[in-house]
Amino acid sequence: MFSLFSSVEVFLETGLVFSLIAMGYYVSYYILDFPDLTVEGTFVSGAVVFGIMVSKGINPWLALIVSFLAGCVFGTVTGLLKVKLKIRSLLCGILVSTALISVNLVVVSGGMSGDFSGQSNSSISYGRVVNTLHDAFFGDIIPSRVNNIPLRNPLIFLIVAVACKILLDMYLKTKSGLILRASGDNGQYVKMLGVDPGKSTVIGLAIGNGYSAVAGALYTHISGNVNQSMGIGMIVIGLASLIIGTSLFKRVRFLKPTTKVIFGAVIYQACLTVAQKLGVPSAYNKIIMALIFTLALIFSGKVKLKGVSTKC
Amino acid sequence: MLKLDNINVSFNKGTVDEAILFDNFNFEVSKGEFVSIVGSNGSGKTTTLNLICGTVTPDSGAVIFGGKDITKLSEHKRARFIGRVFQDPKLGTCSNLTVLENFALADNKNKPYGLTVAISKKRLDYYRQLLSDCNMGLEDRLNVQIGALSGGQRQAIALVIAGMTKVDMLILDEHTAALDPKSSETIMQLTDKQIKENDLTAIMVTHNLRYAVEYGSRLIMMDKGKIILDKSGEEKKNTKTQDILHIFNEISIECGN
Ligand SMILES: Nc1ncnc2c1ncn2[C@@H]1O[C@H](COP(=O)(O)OP(=O)(O)O)[C@@H](O)[C@H]1O
Ligand SMILES: [Mg+2]
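Line order of the protein sequences matches chains R and S. Just so you know, we're using numbering that gives the first Met the number 0 here: the first sequence kicks off at 0 and counts up by one. Just so you know, we're using numbering that gives the first Met the number 0 here: the second sequence kicks off at 0 and counts up by one.
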């Protein structure tokens, strides 16, 4: 028998990291119906920006904010391609995430040396430890381990995820946020209010990719390195977490969707951990990921993925 | 006030399905007029409204509003001075949001939608008043999602929303057609009240000949992209539903419906 509890920090940590992508998808996909493929690129960008800044001695919390902003900028580009040039949603994401491969490469070569081509799993380690979010915030107050379970990173990630959740909830209650929700539902109505719904598309994609970049930053914070292929799979993880969260807690009225999404992300990672503990070889990881996602889709009755079939 | 000047519109240009709808179409509306438009299916009524609202851009010709050429102005910018209610009650409101949230959004029309809190408690009484004025059993339903309301109730709210901030012109496209007879009657009365109280210039497309005769100050009939009948003033007042029905039947038989 295995104990799920013994690896609680692993799936808690990764779950919280990926909950950010899922929250981003809550805005871009769930609300705006935009299947955004940019996130795999912005995930890496966030990691690159964070890693380089921290390894140059800049405060990691500041680096986290700059990562967010970088993600916002790239998301904005995707949004503008869609709104100004009327390119199909899927293509916009493909274009920007392809371009980001070069952008990330150029940024990395400006800050570090090493092979970042993404081939043969090459990755670059930073010149110094980047796992510094905790020390820069709490100093030594929190014990690093309790019962041999590391505490600091899960706690820091929880703080980041909850802060992002609260900010998003607050935004969605503003006039701009309400217009964004209306844009996803009925663009014609938004036009009647004298507003271009395209504006919401751009804002939504900026938020979605900003959050994805923060996720990338947190990811590199644990792993201590970056590589070009670390973004692969983030779309599935983000969507699966979103759909598991929103469908599992569909009837739970008192939970905000953003909260459900965080639970969804952690549960998804827990399922993957269970699969590994049961002895499924790690080569099958992505199959398991896709499988759990499919199950979630079936059980949520969302097999007809809203948006993907009609609007891409 | 409004002028469609030598408008040409054709669809599916350059394909075998090319169809010319408007060939040098002209249409003028003066301030304060309430125009009812009737006509057979496909005669170009909705397209006329789409031209005014900016949903359709003409191949050539000009749309003049209040003396300004608005032919190139986008749909959402025209919405600042033109209100619109559609046939489909779903289009005029946002179903995922509550009645209150819909009102809060509409209340802010023509002002920036920024990062301030959307819902203002101070306005709640005003919103409740608007709801009870509808006579649709909507009192105390501010916190209900619009999607849970009936078509008639949604259309009443769409009408309230379209008139919530001052517009120069109200556009109604068969806005009672999707409703049951009783709701349809209520909405029509609400519409008339709203137009009279706010001195609105209005254009209403309707399938209901009786509404066209009973309401409004001018009556127009369209057929195949042309205005074939245009009555206003005393002439309109003396028009009976029977007279219109007769002409309407003739054009309908011609095009086989
Ligand atoms: N987007 C479009 N594409 C092709 N044909 C159109 C389009 N919109 C309208 N039409 C055609 O133009 C004609 C007039 O349509 P419409 O203005 O909707 O008529 P009405 O509202 O009077 O029933 C119809 O024959 C219709 O098929
Ligand atoms: Mg029509």
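In case anyone wonders, no lab produced these hints; they're calculated from the structure. Quantities reported herein were computed from a predicted structural model and do not represent experimental measurements. Mixed in with the good hints, there may be bad ones.
[What the hints assert, rightly or not] For lysine-lysine, the following PhoX-like pairs were computed, each having C-alpha atoms within a straight-line distance of at most 20 Å:
#	chain 1	residue 1	chain 2	residue 2
1	S	Lys71	R	Lys85
2	R	Lys198	S	Lys120
3	R	Lys83	S	Lys120
4	S	Lys120	R	Lys172
Cross-check of the supplied hints:
A threshold of 20 Å between alpha carbons decides the hint, and for lysine 71 of chain S with lysine 85 of chain R the separation of about 18 Å falls inside it, so the pair holds. For the hint linking lysine 198 of chain R to lysine 120 of chain S, the alpha-carbon distance of about 27 Å lies beyond 20 Å, and the restraint is violated. For the hint linking lysine 83 of chain R to lysine 120 of chain S, the alpha-carbon distance of about 37 Å lies beyond 20 Å, and the restraint is violated. Restraint check for lysine 120 of chain S and lysine 172 of chain R: the C-alpha separation of about 14 Å stays at or below 20 Å, so the hint holds.
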